[in-house]
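Whenever a hint applies, use it, and build me the whole structure from the sequences.
Each chain, written out:
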Amino acid sequence: MKISILLIAVLSIASVSNAQKFFTKTGKINFDATAPKSPENIDGVNKNSICVIDSKTGELQFSVLMKGFEFERALMMEHFNENYVESDKFNKTTFKGNITNNESINYSKDGVYPAKVKGKLDMHGQTKDIETEGKIIIKAGKVQVTANFNAQFEDFKIAIPQLVADKVAKFAKINVDCTLDPLAK
Amino acid sequence: MKRKKIIYRIIFIVVLLTIGVGLYAYNEYNRKNVDLADAKPAFVMSETELIKEFSQDQNASNKKYLGKIMELSGNIKKIDTDENGFHTIILGSSVNMNSVRCSIDSSFNKEAHDLVIGSSITIKGICTGFNADDLGLGSDVILNRSIAIKK
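Taken in sequence, the protein lines are chains A and B.
Be aware that the first sequence starts at 1, since it is given in our numbering, and climbs by one per residue.
Be aware that the second sequence starts at 1, since it is given in our numbering, and climbs by one per residue.
Derived from the structure by calculation, the hints contain no laboratory data.
Since this is a predicted model, take the numbers as computed values, not measurements.
C-beta atoms are modelled at their ideal positions from N, C-alpha and C, and glycine is treated no differently.
Incorrect hints may have been included.
[Said to hold, decoys possible] Cut-off 20 Å, straight-line C-alpha distance, at most; resulting in silico cross-link-like pairs (PhoX-like, lysine-lysine):
(1) K52/B <-> K68/B
(2) K118/A <-> K135/A
(3) K52/B <-> K64/B
(4) K68/B <-> K92/A
(5) K110/B <-> K47/A
(6) K92/A <-> K78/B
(7) K92/A <-> K135/A
(8) K78/B <-> K89/A
(9) K68/B <-> K47/A
(10) K128/A <-> K118/A
(11) K142/A <-> K63/B
(12) K92/A <-> K64/B
[Said to hold, decoys possible] Calculated Cβ distances over 12 Å to all of chain B for the following chain A residues:
(13) G27
(14) V52
(15) T57
(16) S63
(17) D88
(18) N98
(19) G111
(20) V112
(21) K118
(22) Q126
(23) A151
(24) F153
(25) I160
(26) A169
(27) T179
(28) D181
[Stated by the list, open to error] Taking beta-carbon pairs under 7 Å as the criterion, some of the chain A residues facing chain B (in silico):
(29) F23
(30) T26
(31) G44
(32) K47
(33) L65
(34) K67
(35) G68
(36) L75
(37) N91
(38) T94
Following this line, the structure appears as structure tokens:
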């Protein structure tokens, strides 16, 4: 009797922590393209990025609506949308990749795991291979993903006019911070 | 004498113009995002109508709605709160995977706390885009900087 209760308890816990897929629709991605000597910050944040991780295969996907970036200044937002990323034409940026050291991450045990990610970033109609290191933090059944990497504007055919070259850097520092919930089947 | 007067006038006009252009540039540079509480919506409709349009023709709907101020009525299906305390109100019905996700403006975050799931609401926000159901999570229309309005 006792054993069967124990068994049920163990099984139910196991089934909770064994969710294979994790997702969020409120992931945060922000970028900073401030040139070293710029008097003002050129940055924006997107608070409704989609992120999905398959814990079995290590597959990782992001989908970000370009119009969802928020800026402090309205003018900056308009320039960002109209001149740089052309969000009317290219309204979504996606990343599809893999956690290459997925086997060393135990998704059912709390902890901080370094993660290596490799994949393709599709932005502004251009696709580019990205390789970066980040962290996967497992806590109470949730998966937090953090990573930083740089995206060179040149690689994505985003032209920065000479006029603002002293303010806008040649690349954007991209900062990912998403907390994923297990996907209920 | 007459010549001097003309020169003074020209200088005066040039100074006035410089100040005008300067002021315009300054204001333009410091312009904040539109305050949605006072802004007039470009479209007034129900949440289901908007999702239907986006699901039927994404490209046409993108052209029509992106960046526009929307006033949507619907039922609160769920309220998501992230670790920083930001709320997202999800409009839709529980039988349907599709929904409108309204990311709440920080100015309205406190009030959003008291909203009741299942109640009907009218929300004003900026249409940010559509995530089709390509990851098996249901498709969503996203509204940014949303606030609830009283009818």
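Do the hints match the structure? See the list:
1. K52/B <-> K68/B: Holds: K52/B and K68/B sit about 17 Å apart, inside 20 Å.
2. K118/A <-> K135/A: At roughly 13 Å apart (the allowed maximum being 20 Å), K135/A and K118/A satisfy the hint.
3. K52/B <-> K64/B: Roughly 14 Å separates the two Cα atoms, so the pair holds.
4. K68/B <-> K92/A: The given pair, whose Cα atoms are some 17 Å apart, holds under the 20 Å limit.
5. K110/B <-> K47/A: Between K110/B and K47/A the Cα gap is close to 18 Å, so the pair holds against 20 Å.
6. K92/A <-> K78/B: Since the Cα atoms of K92/A and K78/B sit roughly 25 Å apart, the hinted pair is violated (cutoff 20 Å).
7. K92/A <-> K135/A: Not satisfied, since the Cα-Cα distance of roughly 25 Å exceeds 20 Å.
8. K78/B <-> K89/A: 32 Å, violated
9. K68/B <-> K47/A: Roughly 18 Å between the alpha carbons, so the hint for K68/B and K47/A holds.
10. K128/A <-> K118/A: Between K128/A and K118/A the Cα gap is close to 11 Å, so the pair holds against 20 Å.
11. K142/A <-> K63/B: 37 Å, violated
12. K92/A <-> K64/B: Between K92/A and K64/B the Cα gap is close to 17 Å, so the pair holds against 20 Å.
13. G27: 9 Å, violated
14. V52: At about 5 Å from chain B, V52/A fails to clear the 12 Å cut-off, so the statement is violated.
15. T57: Nearest chain B Cβ is 14 Å from T57/A, so the label holds.
16. S63: With a cut-off of 12 Å, S63/A comes too close to chain B, as the shortest Cβ separation is near 6 Å.
17. D88: 7 Å, violated
18. N98: Its Cβ never comes within 12 Å of chain B, the nearest being 16 Å, so this holds.
19. G111: 18 Å, holds
20. V112: Consistent with the label, V112/A stays out of reach of chain B, its closest Cβ about 16 Å off (over 12 Å).
21. K118: 20 Å, holds
22. Q126: Given that every Cβ of chain B is farther than 12 Å from that of Q126/A, nearest at about 19 Å, it holds.
23. A151: 20 Å, holds
24. F153: 22 Å, holds
25. I160: At roughly 18 Å from the nearest Cβ of chain B, I160/A sits farther out than 12 Å, so the non-interface label holds.
26. A169: The claim stands: A169/A keeps its Cβ more than 12 Å from every Cβ of chain B (closest is about 19 Å).
27. T179: 6 Å, violated
28. D181: 10 Å, violated
29. F23: 6 Å, holds
30. T26: Because about 5 Å separates T26/A from the closest Cβ in chain B, which is inside the 7 Å limit, the hint holds.
31. G44: Hint violated; G44/A Cβ to chain B Cβ min 12 Å, cut 7 Å.
32. K47: 6 Å, holds
33. L65: 4 Å, holds
34. K67: 5 Å, holds
35. G68: 4 Å, holds
36. L75: The hint holds - L75/A has a Cβ within 7 Å of chain B, the shortest such distance being about 6 Å.
37. N91: With Cβ-Cβ at 6 Å, under 7 Å, it holds.
38. T94: Violated: closest Cβ of chain B sits about 9 Å from T94/A, beyond 7 Å.
Consistency note: the structure conflicts with the earlier hints numbered 6, 7, 8, 11, 13, 14, 16, 17, 27, 28, 31, 38.
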